[in-house]
Amino acid sequence: MNAAMINKTSFFILRVTIIIFICQSIVYAATPVIDIEIRNHLFIPSEIVIPENTKVKLVIHNHDETDEEFESYELNREKVIIGQRKGIIFIGPLPAGEYPFFGEFFPKTAQGKVIVK
Amino acid sequence: MLLSSVIIVLREVLEAALLFSVLIALSKQMGLNSRWIIWSLLLGVLGAFTYGMNINNVSEWFDGVGQEVSNALMQLTIYFMLVVFMLMLYHFSCKQKVSKFPLSLIMIMIILLAITREGAEIILYFFSVTHSQNYYMAVLVGMTIGASIGISIGILFYYLLSNLKPERSIFIGLVLLLLVSAGMISQASLLLIQADWLPSQLPLWDTSELLSEKSVTGQLLYALLGYEATPTAIQAGLYLLGLIFPISIIMGLKFTYTRKKILSDRPTKQ
Amino acid sequence: MKSIRFFLSIVILSTITLMAFLSALNGYRDSMTKAEQLFDSELMDKAHLLSIVFSALHIKNKSLNTDVSLIDLESESGKIDNGLTDETRGEDFNDHFFAFQIWQNDQLLLRSLHAPETAISQFKQGFQDINFFNHRWRAYSYYNQRSNLWIITTERKDIRYVLAENIVLETILPVVIMLPFLGILIWSIITYGLSPLRTLAKELGSKRADDLTPLAIDKQPVELIQVVNSTNDLLKRLKASFFREKRFASDAAHELRTPISAIKVHLHNLSHLIPLPELPSAKNSFLQLQSSVDRMGHLVEQILNLNRTSAEQYVTRFTELDIYNIAQDVIVKEYAHFEEKQLKIALEGEHCHINGEQFALEILLQNLLTNACKYTPEGGSVLVNISSDDNNVYLNVEDSGPGVPEDQYERLFDRFYRLNGDCHTSGTIGCGLGLAIVQQIVELHHAKISLGQSSFLNGLLVRVIFPKEGAK
Chain A
1 MNAAMINKTS FFILRVTIII FICQSIVYAA TPVIDIEIRN HLFIPSEIVI PENTKVKLVI
61 HNHDETDEEF ESYELNREKV IIGQRKGIIF IGPLPAGEYP FFGEFFPKTA QGKVIVK
Chain B
1 MLLSSVIIVL REVLEAALLF SVLIALSKQM GLNSRWIIWS LLLGVLGAFT YGMNINNVSE
61 WFDGVGQEVS NALMQLTIYF MLVVFMLMLY HFSCKQKVSK FPLSLIMIMI ILLAITREGA
121 EIILYFFSVT HSQNYYMAVL VGMTIGASIG ISIGILFYYL LSNLKPERSI FIGLVLLLLV
181 SAGMISQASL LLIQADWLPS QLPLWDTSEL LSEKSVTGQL LYALLGYEAT PTAIQAGLYL
241 LGLIFPISII MGLKFTYTRK KILSDRPTKQ
Chain C
1 MKSIRFFLSI VILSTITLMA FLSALNGYRD SMTKAEQLFD SELMDKAHLL SIVFSALHIK
61 NKSLNTDVSL IDLESESGKI DNGLTDETRG EDFNDHFFAF QIWQNDQLLL RSLHAPETAI
121 SQFKQGFQDI NFFNHRWRAY SYYNQRSNLW IITTERKDIR YVLAENIVLE TILPVVIMLP
181 FLGILIWSII TYGLSPLRTL AKELGSKRAD DLTPLAIDKQ PVELIQVVNS TNDLLKRLKA
241 SFFREKRFAS DAAHELRTPI SAIKVHLHNL SHLIPLPELP SAKNSFLQLQ SSVDRMGHLV
301 EQILNLNRTS AEQYVTRFTE LDIYNIAQDV IVKEYAHFEE KQLKIALEGE HCHINGEQFA
361 LEILLQNLLT NACKYTPEGG SVLVNISSDD NNVYLNVEDS GPGVPEDQYE RLFDRFYRLN
421 GDCHTSGTIG CGLGLAIVQQ IVELHHAKIS LGQSSFLNGL LVRVIFPKEG AK
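Chains as they are written, first to last, in the numbering used here: chain A, 1 to 117; chain B, 1 to 270; chain C, 1 to 472.
The following block holds chain A by itself, in its conformation from the complex (with noise of 0.2 Å):
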């Protein structure tokens, strides 16, 4: 009696994780990537828009020699770009309105927004 619940559940959460997978990688997949360039602490293009509800990856290349933190309170990310490196932030999915982001090193030049329509 025990043993056979216990076979239940195991097999229960198996199934649950190959969903998640399999969920995951059809997410993945249709993932659109937009590009972000750092050049002399000022992102390009400062401005960037995405659909609504949908999972996007930011790849953020660090064209300058310092590292810079991106960084949005509004999107809960913070991450560091190395100098002269690229990184990888995944946002989304996000109801429509405007994210500010910005350098977290260089605050007044590095400013830009995402905006979900």
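Hints were generated in silico from the structure; no laboratory data involved.
Pairwise CB distance ranges, derived in the manner of DEER restraints: (1) C/G205 with B/L73: 49 to 59 Å; (2) A/I34 with C/D40: 24 to 34 Å; (3) C/L113 with A/R39: 21 to 31 Å; (4) C/G27 with B/T50: 30 to 40 Å; (5) C/I167 with B/T50: 34 to 44 Å; (6) C/K2 with A/N53: 57 to 67 Å; (7) B/S212 with C/K60: 47 to 57 Å; (8) C/K2 with B/H131: 42 to 52 Å; (9) B/Q133 with C/D40: 24 to 34 Å; (10) A/N53 with B/F80: 28 to 38 Å; (11) A/R39 with B/Q133: 13 to 23 Å; (12) B/H131 with C/G193: 39 to 49 Å; (13) C/G205 with B/L241: 54 to 64 Å.
Within a straight-line C-alpha distance of at most 35 Å, the following computed DSBU-like cross-link-like pairs (lysine-lysine) qualify: (14) B/K165 with C/K202; (15) A/K113 with C/K46; (16) C/K46 with A/K108; (17) C/K124 with A/K108; (18) C/K344 with C/K333; (19) C/K2 with B/K254; (20) A/K57 with B/K214; (21) A/K108 with B/K214; (22) C/K124 with A/K57; (23) B/K214 with A/K86; (24) A/K117 with C/K124; (25) C/K34 with A/K108; (26) C/K34 with A/K113; (27) B/K214 with C/K34; (28) C/K2 with B/K165; (29) B/K214 with A/K117.
Counterexamples of contact, computed for chain A against chain C with all Cβ distances above 10 Å: (30) E52; (31) E74; (32) G97.
C-beta atoms are modelled at their ideal positions from N, C-alpha and C, and glycine is treated no differently.
Let chain A serve as the given structure and place chains B and C on it in line with the hints.
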């Protein structure tokens, strides 16, 4: 640049300082040798430098999300260390014997990891921003101010906690550690969502109108309880789980202690 | 260990740091906002000025029927070098701080050298932040309705920011720099503030064990008055109880003197009334009784001496005395005892004068000599030596007895302590008060006493060192 350097340094220092002051106050209450403090600070600074200097390599891991994963891993380790520490603390508060060496070791690990994670960001920031001489003075002043504010809050917090009665300070310390550790879980889950290791979802609610994460109170609450204005369901769920897990173990311990006590009391009554 | 000084210094410094820095940050933010507004209004003014000047030019040109839009932007006349700040005007393209454009109906009429050819910002009145030419700019767009002109003026945000920050930083820097000095100041002030506590602790710590005089209360701060009062109260009670104890001992001794004398007399009478030689067992008891009574008499006498020579009781003023003469007198007095044991006694040295009290010094010498006599086996010798140098007078009493182990020296001065306890080998009467009395008298004369081994008699050497200027 001054304000942003204050914010960056303050946010990192505050988190470590609060954790540090709670642990020092509790270790004083438990009558521990304070040598662990120096060790953890030393190793922490060493760790921060190592991590900061090698972050470009770390970032490359796991298809470019190595930073998030390693940070999350550190957070999770701190969480489990904190859980073990809390259990030992509870053990101690029940007048049970607690071996002091592992306790010191756990505290060293917690502080070491916390400083490594927080310190690395400060080091990266400092070297990036002082690349151009324009900001040198402002950044230096800002970092001094940020660090001083964080450390001052830590010190005041420590004295507040250590001047309470032992039982009360242990109880408050336990609650604080509980909240901080759950905050760690929340941060770790956020990082894993960012790295796409955990599925991302629409935010469950939005309290940024009510209390913005940008505000000073928001920052303080973020450091203390891992406050998040727009959490997703997974994040909130893991936060709750992180809160319930140590509580349930402590409750279980409490139950066994009382049962033991009843059992040991019974023969004397008969 | 908790230190009040450390706690206060750290907590006060932390609080001040917190408050000072938070208010400095607030000030910084406000100043930066004000500076931003200042720059913005300047940008606005520039736009307005350009608009007025250019409109006038435009209207004049129109009246002259010249098409303004034909102004050759590439020619020298079309280029207007802004040159706002001499410092920022460099060869480097990046260092330009100010740029502008003048538009009419989507046509660029005029631009500064380092402005793009496309519209910098949307044609919308007001301020905007935009990126161009690798920098972030603050742009102001102004529409002149009369001449139908759009004037867009821009300034580099980063340069604006550095300029403003450098000014504001000047006000913040002193707050940061003063902090270490503040720390030192707080530390010193607290150290100074706590000095009455330290003084009190020092005063209590340096108090001699038998000094029960109350502490001065008039100089104490309010916070310590209670402590000092309680301490003084305790001292008072302690003193009273010491006094009672002393009084009891001396009163009891005094009261015992008379009955003991009476017992002695009666014992003497009894020895004549009873034919003791015929009753050997009774004789033994009788001798025991006699020795006990003698011992009791000695004890009572010593207790009285102890009491008489105690510092509290002693009020007599010192006079200049010749210690040699006193020694001579005492030896004469005690000579009978020495003769009884066939001991040789010699007095050596010189006449030395010290400030002292005759009776007390007699008791001192008497006790030392009695001890020497008691503990030196028959046929031995005792040497009394008096010498002096520039500062001190030395009194040495040596004997050829068995001496005393070095580890016992300290204890010898304890009251009622006798070497080897009750199993005293010498079999002589004694109560263990002799050296206690001696020490008391020594202290009374501000002298020092030390024990050692006699260099040529191999017994105990007692050395008393009197200061020559004497006690005041």
